[in-house]
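All residue numbers for the sequence shown refer to our numbering, where the first residue is 112 and numbers rise by one.
If you're looking for bench data, these hints aren't it; they were derived computationally from the structure. Cβ coordinates follow ideal geometry from the N, Cα and C atoms, glycine included. Treat the hints loosely; a few may be bogus.
Label pairs and their calculated CB-CB ranges [as the list claims (entries may be wrong)]:
| id | residue 1 | residue 2 | range |
| --- | --- | --- | --- |
| 1 | A175 | H240 | 33 to 41 Å |
| 2 | P137 | E159 | 33 to 41 Å |
| 3 | L183 | T207 | 28 to 36 Å |
| 4 | A196 | L140 | 52 to 60 Å |
| 5 | G176 | S228 | 34 to 42 Å |
| 6 | A196 | R247 | 56 to 64 Å |
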Amino acid sequence: MKITKRVAIGLGAALVGLGAFALLRPVPLAVETAHVARRTLQVTVDEEGETRVRDRYVVASPVAGRVARIALREGDAVRPGTVVARIFPAPLDPRTRDQATARLDAVDDARRAAEASVAQARAAHEQAHRGWERARQLAAQNLIAPE
Numbered sequence: 112m113k114i115t116k117r118v119a120i121g122l123g124a125a126l127v128g129l130g131a132f133a134l135l136r137p138v139p140l141a142v143e144t145a146h147v148a149r150r151t152l153q154v155t156v157d158e159e160g161e162t163r164v165r166d167r168y169v170v171a172s173p174v175a176g177r178v179a180r181i182a183l184r185e186g187d188a189v190r191p192g193t194v195v196a197r198i199f200p201a202p203l204d205p206r207t208r209d210q211a212t213a214r215l216d217a218v219d220d221a222r223r224a225a226e227a228s229v230a231q232a233r234a235a236h237e238q239a240h241r242g243w244e245r246a247r248q249l250a251a252q253n254l255i256a257p258e
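Construct the complete structure from the given sequences, taking the supplied hints into account.
Structural data, given as structure tokens:
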């Protein structure tokens with residue numbers, strides 16, 4: 112019995128040692144393999160980036176209203192004259208309508224005053240041109256000094 116007991120203890124210790132070795136041994140790493148060949152080196156950078164807006168523009172409207180669906184998408188090129196958005200004005204209340212009508216009348220009066228100023232300036236120009244022409248003819252006849 113002593114021999115079988117020693118054999119059992121030896122086998123048990125061997126099994127514990129074998130189990131400890133199996134648990135503590137290093138695990139092999141998975142690797143990729145490929146065939147080696149001489150070629151040009153291609154270097155790429157795969158990183159995440161962040162975009163920044165260089166120029167910010169505020170699009171505003173002098174009237175309140177509803178904006179129709181904007182057809183442009185983020186990143187689209189916007190050249191001068193491009194329609195960015197269409198705004199449909201909201202119905203005006205009577206007070207706002209009266210104010211808008213008054214402003215329109217004031218602008219129309221200013222336009223008429225500017226047209227009158229232009230007509231007055233044209234008449235003054237024509238009068239000055241006639242005076243210059245008359246003085247040129249008199250100077251050619253030596254009736255007045257050339258100055």
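Structure-based check of all given hints:
1. Separated by about 51 Å at the C-beta atoms, A175 and H240 break the suggested range of 33 to 41 Å.
2. About 34 Å separates the C-beta atoms of P137 and E159, a value consistent with the hinted range of 33 to 41 Å.
3. The beta-carbon spacing between L183 and T207, approximately 30 Å, falls within the hinted interval of 28 to 36 Å.
4. In this structure, A196 and L140 meet the distance hint of 52 to 60 Å, their C-beta atoms being roughly 58 Å apart.
5. In this structure the hint that G176 and S228 lie 34 to 42 Å apart at CB holds, the actual value being about 35 Å.
6. For A196 and R247, the hinted distance range of 56 to 64 Å is satisfied, since their beta carbons lie about 59 Å from each other.
In this structure, only the earlier hint numbered 1 is contradicted, and the remaining ones agree with it.
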